[in-house]
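Enquirer: Note that the protein sequences, when read in sequence, are chains H and F. Position in the first sequence counted from 1, then plus 10, gives you our numbering. Position in the second sequence counted from 1, then plus 252, gives you our numbering.
Bear in mind the hints are in silico, worked out from the structure with no lab data behind them. This structure is a prediction, so every number in the text was calculated from the model and none was measured. Think of the CB as a built atom: it goes at the ideal place given N, C-alpha and C, for glycine as much as any other residue. Errors might be hidden in some of the hints.
Think about it this way: if two alpha-carbon atoms lie no more than 25 angstroms apart in a straight line, the pair counts; the simulated SDA-like pairs of lysine to any residue are [claimed, not checked]:
| # | chain 1 | residue 1 | chain 2 | residue 2 |
| --- | --- | --- | --- | --- |
| 1 | H | Lys75 | F | Thr341 |
| 2 | H | Lys76 | F | Ala390 |
| 3 | F | Lys340 | H | Glu100 |
| 4 | F | Lys342 | H | Ser77 |
| 5 | F | Lys340 | H | Asp72 |
| 6 | F | Lys376 | H | Phe415 |
| 7 | F | Lys342 | H | Pro64 |
| 8 | F | Lys372 | F | Ala384 |
| 9 | F | Lys342 | H | Lys38 |
| 10 | H | Lys302 | H | Arg263 |
| 11 | H | Lys577 | H | Thr265 |
| 12 | H | Lys99 | F | Lys340 |
| 13 | H | Lys198 | F | Gly425 |
| 14 | H | Lys99 | F | Ser338 |
| 15 | H | Lys75 | F | Asp344 |
| 16 | H | Lys52 | F | Ser338 |
| 17 | F | Lys372 | H | Pro409 |
| 18 | H | Lys52 | F | Thr341 |
| 19 | H | Lys94 | F | Ala337 |
| 20 | H | Lys94 | F | Val423 |
| 21 | H | Lys38 | H | Lys307 |
| 22 | H | Lys198 | H | Gly178 |
| 23 | F | Lys372 | H | Ala418 |
| 24 | H | Lys94 | F | Glu411 |
| 25 | H | Lys75 | F | Ala334 |
| 26 | H | Lys198 | F | Ala434 |
| 27 | F | Lys342 | H | Asn407 |
| 28 | F | Lys340 | H | His571 |
| 29 | H | Lys144 | H | Leu469 |
| 30 | H | Lys76 | F | Glu411 |
| 31 | F | Lys340 | H | Asp101 |
| 32 | F | Lys340 | H | Arg83 |
| 33 | H | Lys286 | H | Asn297 |
| 34 | H | Lys35 | H | His571 |
Stretch by stretch, here's where chain H covers chain F in the computed footprint (C-beta under 8 angstroms, at least three residues) [to be verified]:
| # | region |
| --- | --- |
| 35 | 311–317 |
| 36 | 345–353 |
| 37 | 395–405 |
Sample of chain H residues facing chain F (criterion: CB under 8 angstroms; computed from the structure) [stated by the list, open to error]:
| # | residue |
| --- | --- |
| 38 | Ala190 |
| 39 | Phe330 |
| 40 | Gly363 |
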Amino acid sequence: MNQFDAIVIGSGMSGGWVAKELSEKGLKVLVLERGRELSVEKDYTDMLQPWELPNLDRINEDELKKSYPMQSRSVGYALHETTKHFWVKEDEQPYETPADAPFEWVRGYHSGGKSLLWSRQSYRFGPQDFESNKKDGHGVDWPIRYDDLAPWYDHVERFAGISGNADGIPSLPDGVFQPAFELTLPEKAFAERVAKAFPTRRVIAARVAHLTQPTQEQMDLGRGPCQVRNHCHRGCSFGAYFSSMSATLPAARNTGNMTLISHAIVHSIDYDPKTKRASGVRVIDANTREAKTYTAKIIFLNAGTVASTMIMLNSKSASFPTGIGDSSGVLGKNLMDHFGGAGASGDMPEFDGYYHAGRRPGGIYVANYANITEHDKPYLRGYGFQGGSRRGGWTGNRPGLGQAFKEANRTPGTWNIGISAFGDMLPDPRNTISLHPTKVDKWGLPVAVIDCRLRENELKLMQAASKDALAMLQAAGAVNIRSTEDGDGVTFASLTSPGNKIHEMGTARMGRDPRTSLLNGWCQSHDVPNLFISDGACMPSSAVQNPSLTYMALSARAANHAAELVKTGVL
Amino acid sequence: METRRQILQGLIFSLGGAAALTAFAAKAAAPEAKTTSAAKPGFYTKGELATVTFLADGIIPRTDTPGALDAGVPAYMDHLYATWASEKTKADHRAHLAAIAGHLDRLTDVQSIEAGNRAKQRVKALEALDAAAFGAEASAHWPYRSVKSLIATVYYLSEPGATQELQYEPVPGHWIASAPIAEIGRTWAL
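Okay, chain H solo, but in the shape it has when bound (with noise of 0.2 angstroms):
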């Protein structure tokens, strides 16, 4: 039963996706799993009313400084007592960094992965961010185009359920929607008052991975339309967002052709010189630590950036010292995140003889307009902004006490607008991973080093987004504005940490020169042709958009197109 047509490493955002694809292709498909088989009814915790969260939901002090430090930055609004099981504890799966350069590195290990946990944020990078790298000659240039993944895009989305409205903006390209969630009136105000200020500037609805008006296929998996809940990061039992659990996984599973072992943590690749292929998987039992070998036509490496690249890292030979498909020598190099550090909030009184109803899960999009539509930079790439409005609750901060207390949080606060800058990072091949050379962790692998800086470039594009953040609030009228212009402004200290945006990617990039990349415009590698890599590691440059849904056209085009090797004798 060891024998199957093609092996994914990981069932996460990218992973689910290849099995999905490859197996409806009529492969047979392993999927290996590091963590354990979540179960809907016993680890989704969205049905627990406020009053039945133990603590407040708060994970006890000691607890969450000894296993989540670095994840409690990044993640704190999600990392909960009733969602912890989610998270990976850092005492248990320890990394290293250096003293003075932080990675706040976000695990979630267990069927699914991140995409349980993500926050559904779903846009397409536009032509121009397949043409950046080319274009400044950092980084190498994409081998494809927008245009060669439009398709795979409209495919995804079609499957995933995105909504969104179609905004006509030819760098942040619409896609197939499903209906937006409908912008609060100081959203729309804020939209047309800074598309009046600053006319190449877009102020759009967030675009969400969340079903608003499910599809036939979608239902038929179980799926139904988001209830507007907002209790995401505890899973949700309608399956109304997209991940791998609610999504990819069923529909593997349906075909009758996916088999998923859970507690599979990947050693490494074995490499066959002979035939030049990658020849087997590694594995270890998490509990039993027993080891085991299997085999395939294709390999699929999906166990996330930092993972895969350890894997890869892991995977010497005589023909690849440094790693498997690395002759190149640019395994583990190039490491990027998204990072921010600019914003600007401010209250919009005007609107407050209105009020919502719902718990919205996304809000508003500021599509990048620098270097784009706005050029003479004094910085290369640009940024994005998200962010949103919210009418402020009750509170015990305010005076006065019984009655009058009571009766003055039955009124909510007035309405605040904001916006948080995500910034593109330059690829530069001194931010790297590696494995330690003497660390291992308790399964006997080495562990991760992790040195990832931001520099020159990042720091004056997130200076320039906080200006336009604080210019942006002032121009759509807001009050008693805070932004990240107050006090010493936006400096190297301020700057989010790198993970913090939990979109690393980059460390075994695409590229037309197998001399200065590991992997073709096919996510395959170049070294050795039945090994694809399609979760972020295989990304040649950032942008500024939230890169799962690029991940997903990614992979179901490389799925396709491996499946269609495989079929055709070539792999």
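Go by the hints and put chain F onto chain H.
Expert: Chain F alone, transformed into the frame defined by chain H:
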């Protein structure tokens, strides 16, 4: 009378989502989560519990809706500090309560000279403390503001606080971006 779970189950049936139905069935079979008021005291001393109880009742008394004592706020806070807080946070909280009790004692003692009704004077002392904490002396009264915030948080996220004093919709089902506030009603608890 329908229980909350039965109402929720009815909603889910009408909304679709097969996974939700199985999840609901599994969770409905499990015992109801223990209410916080059932938690036994474990952190506060008798004196501290009396201070927290006095503050909770003074800040959020029973009116036309349940108050903080009805919602079990002191017992919830007792359990919270016993099981969530680090040693430093526990010590800080004890110090905050001691500081608040000290302020109240001082204010009460002064005023008690004239009036014999200590309980009434205690309430007046709390009013004076609250006014001072949100006035010019705010920085000197962080302990009080911190405890007041926590009392409010525990109350408004309790079942009576969320569903009777304010409003809470477990499964909104649809999004209304902006409607006249009179059509929506009170502040959402969540």
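Enquirer: Take the hints in turn and mark each one as holding or not.
Expert: Verification of the hints:
1. A threshold of 25 angstroms between alpha carbons decides the hint, and for H/Lys75 with F/Thr341 the separation of about 13 angstroms falls inside it, so the pair holds.
2. For the suggested pair H/Lys76 and F/Ala390, the alpha carbons sit about 34 angstroms apart, so the restraint of at most 25 angstroms is broken.
3. The suggested pairing of F/Lys340 with H/Glu100 holds, with an alpha-carbon distance near 23 angstroms, which does not exceed 25 angstroms.
4. As the CA atoms of F/Lys342 and H/Ser77 are separated by approximately 20 angstroms, the hinted pair is consistent with the 25 angstroms bound.
5. For the hint linking F/Lys340 to H/Asp72, the alpha-carbon distance of about 10 angstroms falls within 25 angstroms, and the restraint holds.
6. With a C-alpha separation of about 16 angstroms, the suggested pairing of F/Lys376 with H/Phe415 holds against the 25 angstroms cut-off.
7. For the hint linking F/Lys342 to H/Pro64, the alpha-carbon distance of about 18 angstroms falls within 25 angstroms, and the restraint holds.
8. Between F/Lys372 and F/Ala384 the CA atoms are separated by roughly 19 angstroms; this keeps the pair inside 25 angstroms, and the hint holds.
9. A threshold of 25 angstroms between alpha carbons decides the hint, and for F/Lys342 with H/Lys38 the separation of about 56 angstroms lies outside it, so the pair is violated.
10. In summary, the hint linking H/Lys302 to H/Arg263 is supported, as the alpha carbons are separated by about 23 angstroms, within the 25 angstroms threshold.
11. In summary, the hint linking H/Lys577 to H/Thr265 is supported, as the alpha carbons are separated by about 17 angstroms, within the 25 angstroms threshold.
12. Note on H/Lys99 and F/Lys340: the hinted pairing holds, with a Cα-Cα distance of about 23 angstroms set against a maximum of 25 angstroms.
13. Restraint check: the Cα-Cα separation between H/Lys198 and F/Gly425 comes to about 23 angstroms, which is no more than 25 angstroms; the hinted pair holds.
14. Between H/Lys99 and F/Ser338 the alpha-carbon distance is near 19 angstroms, which keeps this suggested pair within the 25 angstroms criterion.
15. Restraint check for H/Lys75 and F/Asp344: satisfied, since their Cα atoms lie roughly 18 angstroms apart, inside the 25 angstroms limit.
16. Restraint check for H/Lys52 and F/Ser338: not satisfied, since their Cα atoms lie roughly 29 angstroms apart, outside the 25 angstroms limit.
17. Distance restraint check for F/Lys372 and H/Pro409: the Cα-Cα separation of roughly 20 angstroms lies within the 25 angstroms cut-off, and the hinted pair is therefore satisfied.
18. Simply put, H/Lys52 and F/Thr341 have alpha-carbon atoms about 32 angstroms apart, too far for the 25 angstroms limit, and the pair is violated.
19. Proposed proximity of H/Lys94 and F/Ala337 is supported: the alpha carbons are some 17 angstroms apart, at most 25 angstroms.
20. At most 25 angstroms may separate the alpha-carbon atoms for a hinted pair to count; H/Lys94 and F/Val423 meet this at roughly 23 angstroms.
21. A distance of roughly 10 angstroms separates the Cα atoms of H/Lys38 and H/Lys307; the hinted pair therefore holds under the 25 angstroms criterion.
22. Simply put, H/Lys198 and H/Gly178 have alpha-carbon atoms about 17 angstroms apart, close enough for the 25 angstroms limit, and the pair holds.
23. Of the supplied pair hints, the one linking F/Lys372 and H/Ala418 holds, its CA atoms being roughly 24 angstroms apart against a limit of 25 angstroms.
24. For the given pair, H/Lys94 sits about 24 angstroms from F/Glu411 by alpha-carbon distance, which is consistent with the 25 angstroms threshold.
25. For the given pair, H/Lys75 sits about 17 angstroms from F/Ala334 by alpha-carbon distance, which is consistent with the 25 angstroms threshold.
26. Restraint check for H/Lys198 and F/Ala434: the C-alpha separation of about 21 angstroms stays at or below 25 angstroms, so the hint holds.
27. Using a Cα cut-off of 25 angstroms, the hinted pair F/Lys342 and H/Asn407 holds, with the two alpha carbons roughly 21 angstroms apart.
28. This hinted pair does not check out: F/Lys340 and H/His571 have alpha carbons roughly 58 angstroms apart, beyond 25 angstroms.
29. With a C-alpha separation of about 22 angstroms, the suggested pairing of H/Lys144 with H/Leu469 holds against the 25 angstroms cut-off.
30. With a C-alpha separation of about 32 angstroms, the suggested pairing of H/Lys76 with F/Glu411 is violated against the 25 angstroms cut-off.
31. Straight-line distance between C-alpha atoms of F/Lys340 and H/Asp101 comes to about 21 angstroms, which keeps the hinted pair within the 25 angstroms bound.
32. Under the criterion of a C-alpha separation no larger than 25 angstroms, the hint pairing F/Lys340 with H/Arg83 is consistent with the structure, at around 20 angstroms.
33. Straight-line distance between C-alpha atoms of H/Lys286 and H/Asn297 comes to about 33 angstroms, which puts the hinted pair past the 25 angstroms bound.
34. A distance of roughly 11 angstroms separates the Cα atoms of H/Lys35 and H/His571; the hinted pair therefore holds under the 25 angstroms criterion.
35. Remark: the region 311–317 of chain F is confirmed as covered by chain H, as 5 of its residues place a Cβ nearer than 8 angstroms to a Cβ of that chain, reaching the required three.
36. Chain H is given as covering the region 345–353 of chain F, and this is violated because 0 residues of the stretch bring a CB closer than 8 angstroms to a CB of that chain, at least three being needed.
37. Given as covered by chain H, the region 395–405 of chain F passes the check, having 7 residues with a CB less than 8 angstroms from a CB of that chain where 3 are the minimum.
38. The interface hint given for H/Ala190 is violated, since its Cβ lies 10 angstroms from the closest Cβ of chain F, which is over the 8 angstroms cut-off.
39. Below 8 angstroms, beta-carbon pairs count as interface contacts, and H/Phe330 has none with chain F, the closest being about 43 angstroms; its hint is therefore violated.
40. Interface hint at H/Gly363: satisfied, since its Cβ lies 6 angstroms from the closest Cβ of chain F, which is below the 8 angstroms cut-off.
Figure legend: structure checked against the earlier numbered hints; hints not met, in rising order: 2, 9, 16, 18, 28, 30, 33, 36, 38 and 39.
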